[in-house]
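J.: Listed here are the chains, written in short residue letters.
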Amino acid sequence: MRGIRKAFGATQALAGVDLRVDAGEVLALVGENGAGKSTLMKVLAGVYRADGGEMLVDGRPYRPRGPHDARRMGVAMIFQELALAPHLSVAENILLGLEPSRYGFVRRPAMAAAARDALRQLGRPDIPPDAAVASLPIAERQVVEIARAVATGCRLLVLDEPTSSLTAADTRHLFALIHRLKHQGHAIVFISHFLEEVRAVSDRVTVLRDGASVGEGETPSMPDARLIELMAGRPVHDLYPRSPRAPGAVVLELDALAGHRKPVSASLALRRGEVLGIAGLVGAGRTELVRAIFGLDPVRRGTIRVAGHEGVGAPGRRWAQGIGMVSEDRKAEGLAVALSIADNTTLSRLAGLGPLGLVFPGRQAAAAARWVAALQIRCRSPHQPVQALSGGNQQKVAFARLLHHDVDVFLLDEPTRGIDVGSKARLYAVIDDLAARGKAIVIVSSHVPELLGISDRIAVMCRGVLGPARPVSECSEHGILAEATGAA
Amino acid sequence: MNEWAKKLGPLLGLLLVVALFSTLRPRQFPTAANVEIMLLQTAVVGTAALGMTLVIVSGGIDLSVGSQIALATVGLATLLAHGWSPLAAAGAVVMLGGLCGVVIGGLVTGLRLSPFIVTLGMWGGLRGAAKGLANETIVVAPVTWLNDLLTALPPDQAWALVPAGVWLTIALAAVVAVLLRSTILGRHIVAIGSNEQTARLCGIEVTQTKLAVYTLASCLAAVAGVLQYAYLTVGDPTTASGMELDIIAAVVIGGGSLAGGQGSVFGTLVGAVIMTVVANGCTKLDLPNWVQEIVTGLIIVSAVALDRFRQPRD
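Line by line, the protein sequences give chains H and W. Note that the working numbering has the first sequence beginning at 1, numbered continuously upward. Note that the working numbering has the second sequence beginning at 489, numbered continuously upward.
Hints were generated in silico from the structure; no laboratory data involved. Heads up, the beta-carbon is just placed ideally off N, CA and C, and yes, glycines get one too. Any given hint could be a false lead.
Okay, the calculated beta carbon distance ranges per label pair [what the hints assert, rightly or not]:
no.	chain 1	residue 1	chain 2	residue 2	range
1	H	Ser135	W	Val666	21 to 29 Å
2	W	Met583	H	His260	53 to 61 Å
3	W	Glu781	H	Ala131	52 to 60 Å
4	H	Gly486	W	Leu512	54 to 62 Å
5	H	Arg60	W	Val666	57 to 65 Å
6	H	Ser135	W	Ala569	38 to 46 Å
7	W	Gly612	H	Ser135	40 to 48 Å
8	W	Ala648	H	Ser101	31 to 39 Å
9	W	Gly612	H	Ala388	50 to 58 Å
10	H	Ala388	W	Arg600	15 to 23 Å
11	W	Ala576	H	Arg60	54 to 62 Å
12	W	Ile658	H	Gly486	56 to 64 Å
13	H	Ala388	W	Glu693	28 to 36 Å
14	W	Gly579	H	Ala113	57 to 65 Å
Bound-form chain W, shown alone (with noise of 0.2 Å):
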């Protein structure tokens, strides 16, 4: 029962803000076109707090998920304007991506260094390789298909119900769930969050274990850098800067614990979901962005202090 509280939690709080914006603006918020548009705002920072879910419950922390996403799309402009095919340059970025993570993931487990250093670094590293590889300035590509992913439909394709990037984070987020509650791989990540000593007492590969689930987090990141480009149309070295505190937000809006082993995609994409709505609602109601910030930072911290107080104390 407890369980079920914390699963819909978050849940209730997105259906207490969206009931809440659609009283003050019942002809301007809760219409198609408004769902349209916020499902695929949030569809950049949804794919890339799945990760971000997997790094969290592990009992990490990804500080250059922001600077992941801007080298993306500074790489995928890059290799379009070199010619390569949408799909194999969005591909090779993909790979690239998780070359990140590797190196991330073998700096925590190799060296024995806090993911917060270790992505502290990168957050800079990252950045600063991106506008470097961009001579700091933005990349224009010719337009493919790739910038369809997340435009509003045209009418003719309604039937799609939403566009192909918000499908693209519906799939991947159903995979990671999976992963995470039914596979082995998953059950181990949960249980190194959880307890690493007796994780590694029981014989699990806990190098091995961060190793995938950093080079995992940096290749959905890089989904989520290819995502952005399709938003923005371009490449830019600058973008997604501090984006990776609205993902880490994301995830403990929807009950994910920093201290590891707590977390799930569902409350994570909820949580992704109730940022975006709340920066929406904030807009329709002509509130100025200010206060739309300060809205979301109450959000975040009574999300968790609500948790804290449904949890017994041990």
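Chain H with its partners taken away, still in its complex shape (with noise of 0.2 Å):
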């Protein structure tokens, strides 16, 4: 790809971006979001069409129509919301739009013979190939839509994102089956936030900010250090700062909570003016348990005890008492994204924005543009929807809400999931500077180095059952991951 150019509107999305893939590589596509990583494999895969530069695919000129033209010229795009049809079997989504067939009937065992042949080719032949989707785990389905791509006689292909939702065994695998595909012969390009994933599975690197590529370079040839500041476009220092903090009076306090069928166990004692870090695996029943706390799941056994307060509540309840949860699914649940930044900022809180019980939107919009220069949201004006913010800026609004609310304990579900490195600075500073003025904070992360440099203490969950906290200066990483997988 050379000098490729984008605009939306006023809005230069990319700016003359130049990339290079080789056969036979990974190429890892990283910077922060809003910097045009998307739009550019978008462009690559035929989803939008560049303004401008020209795109070459074995030497000859690439012009796709649209994604199913890029398909049929050999680059595929697995997008991070999986496209697979979830009624059908893994042999029909392998095959779909090129199905063997003899007058218009489709030959069954032909299309499971030529599926079975590309999960062989992917290392995966114990997938079955008349297994409906729906049926399989999130890290299979990835499997059965990088078979398409492979099915389709595709050699370049784009992983967007592909292990935000993934496990870390289930990552493992992933990696494996790239570096065999890489080793097949084909071009692989990799987006993602996490410096050790690009470490892990990338031959080579490039940076992209503000639409243009600003760094390019062979993977161990750029540090850690390096490519933060090539993403920021200044050097980031400390990512996790630390204020004094000083604990206060216990406001949490969970006595042996169980839900529906998780959390099993779960004690703790939070206390003002900490940061409460809780590590485990996907599954391991942490967003059960902030759930289970916030009302939104019902509560089995124990006892929760909320600044004086025992017994559970709905969340309505748990606003009152000085609670306020970010959900770990932003756009389903974390936030109305049609409405605006000012709505969903004032929504738990609408009180108090005009008399006589009235809302005025002035008055929303003032309030929310407090938080949004607090947060450094990035947005037109308050009345934006949230739809039409980046990733980081939208999970900013989520954080906005609760600051509004001034909330005591703050729930945090993977807030900083699939957002930039810039939006992450900003949220722990925001997290940093909240414990120092003695507000209580929870926070769930699969990401065991944020946890490290965020929280005072840190708990790890496992199959349920929540460990015991322990004051960060004792938690290594690994110490961390072997207690997650039950092997402490």
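Grab the two chains, each in its own frame, and use the hints to assemble them into the complex.
T.: Written out as structure tokens, the structure is:
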């Protein structure tokens, strides 16, 4: 790709990007959200048409008219939201649009054989071709989607944040699969926010910022600090700031809390002025724990004490008690994406935004504007719909709701998943500031370095059981992973 | 195994209601004559529901089937009254039905309107067209063999088991079932209903496929109209009012999902028969009409609720 340009209205999303990927090579593409990674890859995969520049595949000009056209020419993109038909079988999904047929009738044996071939090529002959895709775990669905690209003869695969919903074990399997594809001569573009993944899987790395390629090199020759600097456009000294914190009174206490299926047992005492990290594998029951505390999931046994009040409570009661929650699923649950920043920020506390119980849009906007400034939310105005913002800025809006409500206890479920380094740094700074001002924070995260960076204490959850919270000085990445996998 | 549970669910429901009414009215309900009556009462809804299955599996909906059926009875009666041969008249009506489907499919795909809105418009528009064509009255036509399609068989033709109209429904069901299960077009219909974006990404001609779905569905609705004419023996512009909901209910009881991607011809037919059996059985129990309507309502909701219960939650 040479000099690729693309504008949306007045926004120049891509301002002349060059990119090269060779056969048998894995190229990592990194950059903050909004840097233009997705746009660039959508141009490559034929979803968008570039305004300028040229693309060559195998030295020949390449101008796809659509994603299907791109696939015909050997370029496939595996999207973040998996593009499978859940009601069809594995084989039907792999050969969708290319079904072997005679007189319009599907030839199922031939289809199953072709699907089996593709899965064997990926080293996954264990996935049955006749299983319904809906019955497969997410990691296997991803394999099916990659198998489809391989079966259609694609030689250039773009993986857009493929690990965002995978467990650590599945991520390792995926990396093995990527290596396999590489040795079979495929070219792979790998997009990720995690530098350790970039290191584990890629041969070269290209950094994108503000729609331009700002750095490129062999992965081993690019230290983390250098990559972060290139992404952010400035040196980032302290990703995890830490002001002096003074733990105060206990505000949230759990005693042998058990939910419907998870958590099995969770006990903890959260103090004002502290950040408590909760680590664990996906599926360990961390989200269910947070949801049970907040009254979204049923509590079967055990007690929850919030600032002296005991007992279960619906979310409305929790807000009133000064607890706020940021959901892990910001699009489906955390935010009403069609509504404005102001609406989303003030949703839980509309009182006081006008006389006689009325809500004045101007006052809503003024209330939101304060947090837009404090969190550095990039937007045109507080009236802009949330769906127009980048992921990092959306997450800041979800966070702003808790700040507007002025809660004392923050329950944060994967608050930095899928957001860029700049937004992460901003959120870490805000969390640190809140802790220093005596707020209590529970943060669930699958990213252990982050937990080690911002928490005061860390508890590990494994199979629904929450372990003891240990001071962060006694924790190590290795120890946490061992405890999370039940090895400790 | 789960697949089978899904297939068998509606069938078990059917056996249950049949057993219930057979126990309560052993003399009147499970007789050959009554079974024949129930089957011919199912033919119209069943035939139209075949098309609705295609539409619902593709992720769409058609609220205008009732109006299409009424228009077909009026059109057929009018042509017969003008001296057309029965076969030519019925063929013309089915072609016209197909044309309605092309219009619906064209509006859905061309203007990117939701099928709900397009067919809500057609629901009113086609009903009005039927009334206009019929001068707001019943259209009487000369008696032809079409009238015998859904009449109980005379004793000397008992070898046919059921009237020709019922056989027609069964034959069409077999064709649609094979179409949906084993042809490229059928699998593409399921793929579009399951995930339209993916279907497009994989190069499936979404527009053409949807046009085919609505065209086929409306042809089947027109065939249902011909059967309805046979049942009524006149063209009636006010007939089949509200029948679209029975037809949708048949698909849903049979395991169809309004979200698309799910539904089977077999299930739909069982769903249609369940509704007839309930109506017939309630009559045999001398229950008033309103009881029967409440029971039907309960069955629709509980069928879907049971289905939800059986499926593992994601």
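J.: Hint by hint, say whether it matches the structure.
T.: Structure-based check of each hint:
no., hint, in the structure
1, H:Ser135 x W:Val666: 21 to 29 Å, "holds (25 Å)"
2, W:Met583 x H:His260: 53 to 61 Å, "holds (57 Å)"
3, W:Glu781 x H:Ala131: 52 to 60 Å, "violated (41 Å)"
4, H:Gly486 x W:Leu512: 54 to 62 Å, "holds (58 Å)"
5, H:Arg60 x W:Val666: 57 to 65 Å, "violated (43 Å)"
6, H:Ser135 x W:Ala569: 38 to 46 Å, "violated (56 Å)"
7, W:Gly612 x H:Ser135: 40 to 48 Å, "holds (42 Å)"
8, W:Ala648 x H:Ser101: 31 to 39 Å, "holds (36 Å)"
9, W:Gly612 x H:Ala388: 50 to 58 Å, "violated (37 Å)"
10, H:Ala388 x W:Arg600: 15 to 23 Å, "holds (21 Å)"
11, W:Ala576 x H:Arg60: 54 to 62 Å, "holds (57 Å)"
12, W:Ile658 x H:Gly486: 56 to 64 Å, "holds (58 Å)"
13, H:Ala388 x W:Glu693: 28 to 36 Å, "holds (32 Å)"
14, W:Gly579 x H:Ala113: 57 to 65 Å, "violated (43 Å)"
When held up to the earlier numbered hints, the structure conflicts with 3, 5, 6, 9, 14 and fits the remainder.
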